[in-house]
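> We have chain D already, so just place chain P on it with the hints.
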Amino acid sequence: MTAPVRAVGKGVARTIALIGALARFFVRTLDAIRTLPSAGRRVTARVLVKQIWFTALQTIPLIIILSSILSFLVISQAVRELGRIGATEYIGRLMVVVIVRELGPLLTAALVASRSGTAIAAELATNKVMGEMNALEGMGIDPLHYLVLPRFGAVVLSTFGLTILFDLVALFAGLVAAMSGMSPDRYFDIVLQSLTFRDVWVTLVKGLVFGAIVGLISAFHGLRISGKPTEIPIASSQAVVGSIVAIFIGSGLFVLLSI
Amino acid sequence: MKEVALRFEDIRIPGLKDEGLTLEIRTHTAATVLGSESSGVDVLGRYALALLRPSAGRVLVFGEDISQMTRSAALAFRRRVGYLPADIGLLHNLSLSDNVALPLQYGSSMSEREIEGRLRIMLAQLRLTDVAKRRPADVTEEQRRRAAVARAVAFDPNLVIMEDPFDGMTTRAAAELLEIVRGGETTEGSRRTVFITGQSVPQSLEPRIETHYRIARGRLSVRT
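Going down the list, the protein sequences come from chains D and P.
Position one of the first sequence corresponds to residue 1 (my numbering), numbered consecutively onward.
Position one of the second sequence corresponds to residue 1 (my numbering), numbered consecutively onward.
Next up, chain D with everything else stripped away, as it sits in the complex (with noise of 0.2 Å):
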């Protein structure tokens, strides 16, 4: 009887627990970048370039191709539905609040979390399986300076930047869908009118937050694993799964607070 009860409870505190943990661990990465020593500043700054390598400019192909689909597709419709009732102005409004402001965020830091946050847990995790952490701590290097810091930071600013051109490409792609139902200086025209202060600022901090949410996630799931070679795909599930829900309840909180 009291079964059902007990496992919700138990899920409930490994949550808890796992929210605890993820904090503390945001709270040291946060605090590596106070302790990192000169000398070691070189090799994370190389770290990081490497890393954005990997996490941006690798990944701008697929956002050009998700975002111009997406928006073409959305607009296109748009286009011909709202063009019935002669209410085509509505689409400025949802090209800044559907495309930009919630969707641009959400996908692009979906798509980090399953190109690049696997990738990071899956090494981080092999890192700790070869016994790279033992090697690393021994040479006086810490793993949250040389392994952890530079990786978030790079999904940090690689989120931030593929997210402008996520919602760049998408309002060009929603100009070649416009263009059938009216000219490209009112489709400018109306999009610009929809577009405040707030939706940019909006969509910046949520680049940035997404960002941190899929870095952090990713290095915390590679680094929690014991040791043993079958938690490494492991790792790299769970990494995906709790950046992509991470990034789902936060998009949903931004809403609730921008009420």
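If you're looking for bench data, these hints aren't it; they were derived computationally from the structure.
Fair warning: this is a prediction, and the values are worked out from it, not measured in the lab.
Be aware that a few hints might be false.
Restraint ranges, calculated between C-beta atoms of paired labels, are given here [what the hints assert, rightly or not]:
id, chain 1, residue 1, chain 2, residue 2, range
1, P, R223, D, R28, 44 to 50 Å
2, P, E116, D, I16, 29 to 35 Å
3, D, I249, P, E116, 46 to 52 Å
4, P, A76, D, G11, 40 to 46 Å
5, D, I19, P, A76, 41 to 47 Å
6, P, E9, D, I19, 41 to 47 Å
Virtual Cβ for every residue (Gly too), placed ideally from N, Cα, C.
Using the frame of chain D, we list chain P on its own:
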């Protein structure tokens, strides 16, 4: 009289039944502490680097109790000690040369140019020049071990800690690596202090090592 580089005081390990482990290693000498897998000698290197804290007793390195160090002080201390872990611990996503360069980039004030020069010397000395750009998974076990030795001594530390360093190596290769780790000898005896733990070392290397500790049948014996 040589100073004490490393001193273990009353450390509890499974191989010693009724007493704690107390021993010391003098500067510019090499010492081995050998024992079976269950004796607990495998953790002594990590105790000496403050990677692990002993449940009892203390470890003094150059007179300093390392268990009292803060984390940042312990990290700074380790950047001055060469370490060759039992599982080698090369970073799998870096080439051998990048692995060797890492402690130089991270723990020294050398310029990129100086690091490059030092790297070239180390790779040539360890006969790794031809495979320097390969990753650890693409070279032989002996080359991985050579790279780990190069990494441990590249920044010219005073003290080198090695765990099972000659495991699976030929006697000749082991002798060569030991000589590289010990460094050049002068009249002042400026060779490095080398602390080796493990189950065994090749017999032909024994004359090259000044102090031999062995833990067997619950007792510690020493031979110089």
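> Does each hint hold? Answer for all of them.
Hint check results:
no.	hint	result
1	P:R223 with D:R28: 44 to 50 Å	46 Å, holds
2	P:E116 with D:I16: 29 to 35 Å	51 Å, violated
3	D:I249 with P:E116: 46 to 52 Å	48 Å, holds
4	P:A76 with D:G11: 40 to 46 Å	43 Å, holds
5	D:I19 with P:A76: 41 to 47 Å	33 Å, violated
6	P:E9 with D:I19: 41 to 47 Å	43 Å, holds
Checked against the numbered hints above, the structure breaks hints 2, 5 and satisfies the rest.
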